[in-house]
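Chains as they are written, first to last, in this note's numbering: chain A, 1 to 90; chain B, 1 to 90; chain C, 1 to 90; chain D, 1 to 90.
Errors might be hidden in some of the hints.
Identical chains share a label here; the pair holds if one copy fits it or two copies do between them.
Computed list of lysine to any residue pairs in SDA-like fashion (alpha-carbon distance at most 25 Å, straight line) [unchecked claim]:
hint, residue 1, residue 2
1, Lys58, Asp15
2, Lys73, His16
3, Lys64, Asp45
4, Lys58, Arg19
5, Lys24, Asp4
Think of the hints as simulated: they come from the structure by calculation, not from any bench.
Number of protein chains: 4
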Amino acid sequence: MIVDQVVGTVTLVYDHHVRLLNEKLTAIQHDFHRAILSTLHVHLDHDNCLEVLVVRGKSAEVRKVADALISTKGVKHGRLTITTSGAELK
Amino acid sequence: MIVDQVVGTVTLVYDHHVRLLNEKLTAIQHDFHRAILSTLHVHLDHDNCLEVLVVRGKSAEVRKVADALISTKGVKHGRLTITTSGAELK
Amino acid sequence: MIVDQVVGTVTLVYDHHVRLLNEKLTAIQHDFHRAILSTLHVHLDHDNCLEVLVVRGKSAEVRKVADALISTKGVKHGRLTITTSGAELK
Amino acid sequence: MIVDQVVGTVTLVYDHHVRLLNEKLTAIQHDFHRAILSTLHVHLDHDNCLEVLVVRGKSAEVRKVADALISTKGVKHGRLTITTSGAELK
């Protein structure tokens, strides 16, 4: 792993009934597609979704995608967790 | 596990640039949210996404959600795999 | 969603070469299988794995499974994120 | 995407109580870690797990990892689905 990279997760909870919210979140994810390794989507109940993105990249880039997602109108809860850096993993 | 249930996966490949496609797929998934345990989304490249849904329910219901997703205009590849039934797992 | 439930994620980074570590983590996950909705596993590099578990249940139970996983010898990084409670989502 | 690549999924259902089975499957996945983009694990019930691997690579390599996983003793159901090739996605 490259030393200046960080790895983390972005957790989002949102109501899929909010108009165009899912499309906005998808558009953001594609703008930053190089930083997003994978996304897991769980249907919590009829209204609410939980999405976890596994992100990897330069710290600034990872924070930027997290901020863009979490600040999207309609996202109820959002949290970035930087779990590790490449340097620590050595 | 209930005996008349099946478990399977639905695999979709699509281009996220197709207008409103992601929103359509999300709407279908929420209509059938009881049958979908979890969805994994992987960004293949700048255009293409692969999505795998883990589905569980009565055979007819699982086939219905798979058909709805796979037949959505803009989906390039779709495949339902019924991996097992509750009866077989006993 | 039941009001006294919490929803969250547990993120783990570990080296899969540590003897029996994966089997220990799997055993813990099955002991608490009712609280774990889904797990996403990403291979970061030849040595390191990142695993994200989506957990739901009573706060005490969710914390118990997170503690058990994070404190397992060989886990390099572990973090529980409680993203939301059922009450907040109403 | 590179033209001679294929993308697919491998779906496995197995009983986690089978001795060392999970460790064997994990070891295989790490031997082929370059071909595996992500793995989703769902606990179906107290005994059975469903695992879906998103695989990408040369056709021969993808088939090799699928065969190795599906033929592991204790795997109840296994299926490789080649969903697309890079060439088709152009």
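To see whether the hints hold, each was checked on the structure:
no.	hint	verdict
1	Lys58 <-> Asp15	between (30 Å within a copy, 22 Å between copies)
2	Lys73 <-> His16	both (12 Å within a copy, 21 Å between copies)
3	Lys64 <-> Asp45	between (29 Å within a copy, 20 Å between copies)
4	Lys58 <-> Arg19	neither (32 Å within a copy, 31 Å between copies)
5	Lys24 <-> Asp4	neither (29 Å within a copy, 31 Å between copies)
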